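There are 2 protein chains.
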Amino acid sequence: MEFYETTLSSKQMFSGNLLKLRVDEVLLPNGRKSTREIVEHPGAVAVVAITENDEVLMVRQYRKAIERELLEIPAGKLEEGESREVCVERELMEETGYFPNELTYLTSFYTSPGFSNEILHLFIAKNLIKKSRDADFDEYLQAEKVPFEEAINKIRTGEIVDSKTITGLLLAYDQIKGDL
Amino acid sequence: MEFYETTLSSKQMFSGNLLKLRVDEVLLPNGRKSTREIVEHPGAVAVVAITENDEVLMVRQYRKAIERELLEIPAGKLEEGESREVCVERELMEETGYFPNELTYLTSFYTSPGFSNEILHLFIAKNLIKKSRDADFDEYLQAEKVPFEEAINKIRTGEIVDSKTITGLLLAYDQIKGDL
Numbered sequence: 001m002e003f004y005e006t007t008l009s010s011k012q013m014f015s016g017n018l019l020k021l022r023v024d025e026v027l028l029p030n031g032r033k034s035t036r037e038i039v040e041h042p043g044a045v046a047v048v049a050i051t052e053n054d055e056v057l058m059v060r061q062y063r064k065a066i067e068r069e070l071l072e073i074p075a076g077k078l079e080e081g082e083s084r085e086v087c088v089e090r091e092l093m094e095e096t097g098y099f100p101n102e103l104t105y106l107t108s109f110y111t112s113p114g115f116s117n118e119i120l121h122l123f124i125a126k127n128l129i130k131k132s133r134d135a136d137f138d139e140y141l142q143a144e145k146v147p148f149e150e151a152i153n154k155i156r157t158g159e160i161v162d163s164k165t166i167t168g169l170l171l172a173y174d175q176i177k178g179d180l
Numbered sequence: 001m002e003f004y005e006t007t008l009s010s011k012q013m014f015s016g017n018l019l020k021l022r023v024d025e026v027l028l029p030n031g032r033k034s035t036r037e038i039v040e041h042p043g044a045v046a047v048v049a050i051t052e053n054d055e056v057l058m059v060r061q062y063r064k065a066i067e068r069e070l071l072e073i074p075a076g077k078l079e080e081g082e083s084r085e086v087c088v089e090r091e092l093m094e095e096t097g098y099f100p101n102e103l104t105y106l107t108s109f110y111t112s113p114g115f116s117n118e119i120l121h122l123f124i125a126k127n128l129i130k131k132s133r134d135a136d137f138d139e140y141l142q143a144e145k146v147p148f149e150e151a152i153n154k155i156r157t158g159e160i161v162d163s164k165t166i167t168g169l170l171l172a173y174d175q176i177k178g179d180l
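Residue numbers (my numbering), protein chains in the order written: chain A, 1 to 180; chain B, 1 to 180.
What the hints contain is simulated information worked out from the structure, not anything from laboratory work.
Hints are supplied without guarantee of correctness; some may be wrong.
Not close to chain B: a few residues of chain A, all C-beta gaps over 10 Å, as computed [said to hold, decoys possible]: (1) Glu-89; (2) Met-93; (3) Val-146.
Below, simulated DSS-like cross-link-like pairs (lysine-lysine); rule was C-alpha separation at most 25 Å, straight line [stated by the list, open to error]: (4) Lys-77(B) - Lys-64(A); (5) Lys-20(A) - Lys-77(B); (6) Lys-145(B) - Lys-131(B); (7) Lys-77(A) - Lys-64(A); (8) Lys-177(B) - Lys-177(A); (9) Lys-64(A) - Lys-177(A); (10) Lys-11(B) - Lys-77(A); (11) Lys-33(B) - Lys-64(A).
Source: prediction; values computed, not measured.
For each residue, glycine too, the CB sits at the ideal point set by N, CA and C.
Turn these sequences into a full structure, and let the hints guide you.
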């Protein structure tokens with residue numbers, strides 16, 4: 001089976017600091033044409049960081065796009081030329097003040113493949129060492145330690161509504177507890 | 001704690017058939033200014049549809065944004081004025097030919113709250129009735145029945161890499177099997 005869409009034309013409509021947006025005209029398998037609105041994103045990492053007391057490091061932050069605060073796992077976009085591991089270490093330090101001495105790659109997934117190429121690389125961090133807090137210039141957030149079981153329950157109760165956080169916590173739980 | 005960002009100005013940069021993109025200038029808690037690039041999306045539904053043989057209805061489709069095929073649960077964007085339930089019934093019919101006689105709302109989550117307001121409403125469908133296939137005009141996909149346990153395993157092996165599909169399958173599995 002092959003549902004490939006041939007690109008007939010591609011027009012960049014926006015280029016910002018984080019995102020680009022383009023509109024592709026595509027040729028469908030049946031010979032008709034359609035358009036695809038595509039948001040280009042540099043990709044990101046997210047990390048389920050687990051303390052020796054089986055707590056997960058989480059951050060509460062305001063998300064302008066939805067005009068509300070969310071409880072999320074630490075995450076951040078990849079800088080140009082930056083390795084995923086270094087990105088995880090940097091973001092975890094910036095957002096929680098902890099450095100991970102043990103970092104395990106879990107998986108990568110697409111957050112919104114219907115309109116964006118954003119890919120998120122998920123890691124599990126252990127053996128955490130507290131260093132000084134070093135907050136991002138324009139990032140305001142509050143770090144929290146949440147017992148792993150409680151975090152899973154916050155998914156069930158609807159308190160956690162961020163997709164990467166749900167995915168990350170459930171996959172890490174499955175990986176570590178092995179009883180999914 | 002209050003990390004609210006006051007909107008100083010908002011400028012629409014793109015308005016398409018599916019997406020809008022705007023750039024907001026915001027005032028941060030420390031008095032500094034920053035900008036937020038925000039993609040506006042109409043919202044969508046996704047459904048974990050389970051057959052009486054404990055299979056999940058899935059669709060394989062080409063995603064232009066990432067230039068590859070993905071294996072996903074049926075989903076689609078909300079049309080203006082359309083209820084979530086009607087949207088689920090319509091999308092499931094269009095993509096698989098099945099109509100759900102039993103529909104249960106599970107939860108809603110944000111796919112990319114760092115840059116988009118897209119919200120996804122997740123349902124579980126049961127008591128499925130096969131009706132005729134009625135494919136979307138510009139949507140090409142192949143419906144597949146995947147045993148529930150096998151679908152969960154496809155997450156672990158990295159064959160399923162779509163965030164809403166991972167989230168939906170794991171939450172439905174947790175809800176139905178109760179052994180997460």
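Results of checking the hints against the structure:
With a closest Cβ-Cβ approach of about 19 Å to chain B, Glu-89(A) is found to remain outside the 10 Å limit, as its non-interface label requires. Distance check on Met-93(A): its Cβ is at least 19 Å (rounded) from any Cβ of chain B, clearing the 10 Å threshold; non-interface status holds. No Cβ of chain B approaches the Cβ of Val-146(A) within 10 Å, the least distance being about 15 Å, so the stated non-interface status holds. A threshold of 25 Å between alpha carbons decides the hint, and for Lys-77(B) with Lys-64(A) the separation of about 22 Å falls inside it, so the pair holds.
At roughly 22 Å between alpha-carbon atoms, Lys-20(A) and Lys-77(B) fall within 25 Å of each other, so this suggested pair holds. Distance check on the hinted pair: Lys-145(B) and Lys-131(B) sit about 15 Å apart at the alpha-carbon level, within 25 Å; holds. The straight-line distance between the Cα atoms of Lys-77(A) and Lys-64(A) is roughly 16 Å, inside the 25 Å bound, and the hint therefore holds. Simply put, Lys-177(B) and Lys-177(A) have alpha-carbon atoms about 16 Å apart, close enough for the 25 Å limit, and the pair holds.
Straight-line distance between C-alpha atoms of Lys-64(A) and Lys-177(A) comes to about 35 Å, which puts the hinted pair past the 25 Å bound. Between Lys-11(B) and Lys-77(A) the alpha-carbon distance is near 23 Å, which keeps this suggested pair within the 25 Å criterion. For the hint pairing Lys-33(B) with Lys-64(A), the CA-to-CA distance comes to about 13 Å; that is within 25 Å, so the pair holds.
Consistency with the previously given hints fails for number 9 only.
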